[in-house]
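Colleague: Chains as they are written, first to last, in this note's numbering: chain A, 1 to 187; chain B, 1001 to 1280; chain C, 2001 to 2222.
Warning: the hint list may mix true and false statements.
[What the hints assert, rightly or not] Lysine to aspartate or glutamate pairs mimicking EDC-like chemistry, simulated, CA-CA at most 16 Å apart:
| no. | chain 1 | residue 1 | chain 2 | residue 2 |
| --- | --- | --- | --- | --- |
| 1 | B | Lys1053 | B | Glu1005 |
| 2 | C | Lys2155 | B | Glu1212 |
| 3 | B | Lys1053 | C | Asp2204 |
| 4 | B | Lys1019 | B | Glu1258 |
| 5 | B | Lys1171 | B | Asp1160 |
| 6 | B | Lys1064 | B | Glu1005 |
Just so you know, these hints were derived from the structure itself, not from any lab.
This is what each chain is made of:
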Amino acid sequence: MEEQKRETFVTVAAVGGRYRWVAVTSLFLAIGMILRLVSPSIAGISPNWLISMYCLSILILRPGLAQAAGIGLVAGALCVATSKAIFPYANFGSELAGALVCAMMVKNPLLEIGFLKKIRPLLCGLVSTLVSGFTFVTLTKLVMAVPMPVYLYGMLPVVLTVGLVNCIVTQLLYFPAQRLFGNTGLK
Amino acid sequence: MLEIEKISFAYPGHPPALKNVSLAVGEGEFIGLAGRNGSGKTTLTRIMVGLAKPVAGQVTLDGKAAKSCGPDVMARAIGYVFQNPDRQIFRDTVAQEVAFGPEQLGWSETERQDAVTTALGMTGLESVAAEYPRGLTRSVRQRIAIASALALRPRLLILDEPTSGQDAEEKKQLMELLGGLNRQGIGIILVTHDMELLLEHTQRAVVLHRGEKVFDGPTEGLFAGKGHEVAAWGLRIPDAAAVAGLLQAETGAVRSVENLAAELGRQLEGKTDENTGAAV
Amino acid sequence: MKTLAPLCNLILTVMVSIWTVLVWDPVLLAAMLAIEIILIIYAGQARKLGKALLGLTLVAAFFAAIQLPFDVSLPTAIASGLKMVVMTVAFILLFATTRLPSLTAALVSQARIPYEYAFLFTSALRFVPDFLSESQAVREAQTCRGYVPSRNPLKRLMSYAALVEPMVLRAITRSETMAMSLELRGFGSLQRTFTQQIAFRGQDYLVLILLAGITVMVILYR
Chain A
1 MEEQKRETFV TVAAVGGRYR WVAVTSLFLA IGMILRLVSP SIAGISPNWL
51 ISMYCLSILI LRPGLAQAAG IGLVAGALCV ATSKAIFPYA NFGSELAGAL
101 VCAMMVKNPL LEIGFLKKIR PLLCGLVSTL VSGFTFVTLT KLVMAVPMPV
151 YLYGMLPVVL TVGLVNCIVT QLLYFPAQRL FGNTGLK
Chain B
1001 MLEIEKISFA YPGHPPALKN VSLAVGEGEF IGLAGRNGSG KTTLTRIMVG
1051 LAKPVAGQVT LDGKAAKSCG PDVMARAIGY VFQNPDRQIF RDTVAQEVAF
1101 GPEQLGWSET ERQDAVTTAL GMTGLESVAA EYPRGLTRSV RQRIAIASAL
1151 ALRPRLLILD EPTSGQDAEE KKQLMELLGG LNRQGIGIIL VTHDMELLLE
1201 HTQRAVVLHR GEKVFDGPTE GLFAGKGHEV AAWGLRIPDA AAVAGLLQAE
1251 TGAVRSVENL AAELGRQLEG KTDENTGAAV
Chain C
2001 MKTLAPLCNL ILTVMVSIWT VLVWDPVLLA AMLAIEIILI IYAGQARKLG
2051 KALLGLTLVA AFFAAIQLPF DVSLPTAIAS GLKMVVMTVA FILLFATTRL
2101 PSLTAALVSQ ARIPYEYAFL FTSALRFVPD FLSESQAVRE AQTCRGYVPS
2151 RNPLKRLMSY AALVEPMVLR AITRSETMAM SLELRGFGSL QRTFTQQIAF
2201 RGQDYLVLIL LAGITVMVIL YR
């Protein structure tokens, strides 16, 4: 009994406690918002850093769907509070969808296999951004009556491009972050 | 090597951080840059490497104006080591981290390898070349930051409070490293609050007070007979200098408490021989 | 709005946004915008508004303009641009008149939002200035090691990791202490008291009734 208790204590301490996920996610979201402000665009396109950062958070923390939904809604609220979107409330829907998709992919057994495991961050970044972006532009189109050609030829291509950029960013950031998160102490 | 001529600088909406400061840095000098918080030390070093542009005056490197040179260009001549090494370390191994600068400058594979090997050798990091930097202690991470700067083969290294957060043994090792680099011909500018370090290791001291240069000369001269001024500048007189000041006639210039004890010992031995043959 | 309960202000903001979505009359939308601007000036936040309004107007004008080639009438195009501005300015007004801690307290105690998520929101905003200066410090540190953005877009994106990764790693290191601090301070405790004044008073209920009335009118009018 004593041995079991001691073991449990060590495991929790190594992970960082019950609220490590709150700490990590809030700092990552803060970084996402900063990068939206300061990051330069590359050939006119910027990554959606907020999506990348909450994807990174979900990849590292592997939360359940309810928790991921909460993270997505908070990310949406941050977007509403800080961005100049045509229909700001669409962010709630889009980031909720993006976070849920990411959480489902992270726990998908298919993505634990060999090469797919190595590119899991890339796939999560890509799919989450596409789902989030598609949800956002579609909600905006429906509520704000955006003309169909603008939606099809103006908005959707941007979603695709940002998706491609985001997947690279998420892939680059994930492994070093995961390594440090899993690191159990200083030498 | 580096000339700072009548530099003035102010952050927007704030009083001047530097007023008409001039400084000449020669090759291979070991300079201590001291002053209270807010005296302008860090601002001066930022201007030296091109992180900030002065509102008046100019910086000249090897006789050429450095006006349009950004820090990435200045990095080839002047290495800058920040107080917090974690702001730059992000790679998987120490060697990869040190290779960052040469990679950015587009050096060939051979040149890069050579630069990394030399830098690791100079900083005593060969044994941890394959280690994960973030898992190492702060003092080792500080060395990694120094090696990173050395990989670009600068002739001058500026270090901003490199000993902060380190214990006495780590400070000693770091200062030995810097002393070794200086003996190899690399100039050092050490920004520090630690007056003991300043007295023990630097040859020349530059003191800033409220944005103005108030002292520039041999370090021993900073504390010799200047007690009131030094205190007014917000600096603490090191123990060795304070005691040496009191025993001025007996001891002359001393750079450390050990040095002082040795000097006193020699003085006392000399007095025993001269007089009665008995100990004083 | 400064004297209303935080949750009342939030409901007001949401209702204004709902009206904005339902209304297509540019004159009415312009009137709503004018009222919002007056309220923001009255709240002493004119300067903050001025900065945001310039950017907003440009985006809104662009959005309105791109619709014109697609058989959208000018009043409709202007109305859609105005909708965007009215909704965004409503949020600026909310944050100008309601303190964030009060809003968080209201969301947790009255709207039953789990405290962890309300904290996540306020905490993320709170750390923005920290990481802003951190991003500047990281950029300087890497630039002093020779970092220069590449001209090639792909290489530029990949080398940008040198600026982002140290921040991410620093966040992970900081999160450890932050998490311990949260636990030591009783984060997650079921018993929680807030020091902010968030209770509804008579005037808040009056405002809610007014909002309901206006919403019904808007629905009927359209």
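Colleague: Next pair to validate is C:Lys2155 with B:Glu1212; report whether the Cα-Cα distance is within 16 Å.
Modeller: violated (44 Å)
Colleague: Sort out whether B:Asp1160 lies within 16 Å of B:Lys1171, counting only the CA atoms.
Modeller: holds (14 Å)
Colleague: Does the alpha-carbon distance linking B:Lys1064 and B:Glu1005 stay inside the 16 Å limit?
Modeller: holds (13 Å)
Colleague: Do the alpha carbons of B:Lys1053 and B:Glu1005 lie within 16 Å of each other, as the hint requires?
Modeller: holds (13 Å)
Colleague: Can the restraint linking B:Lys1019 and B:Glu1258 be considered satisfied, given a maximum Cα separation of 16 Å?
Modeller: violated (38 Å)
Colleague: Taken at face value, is the distance from the CA of C:Asp2204 to the CA of B:Lys1053 at most 16 Å?
Modeller: Violated, at about 54 Å.
Violated hints for the displayed structure, listed by number in ascending order: 2, 3 and 4.
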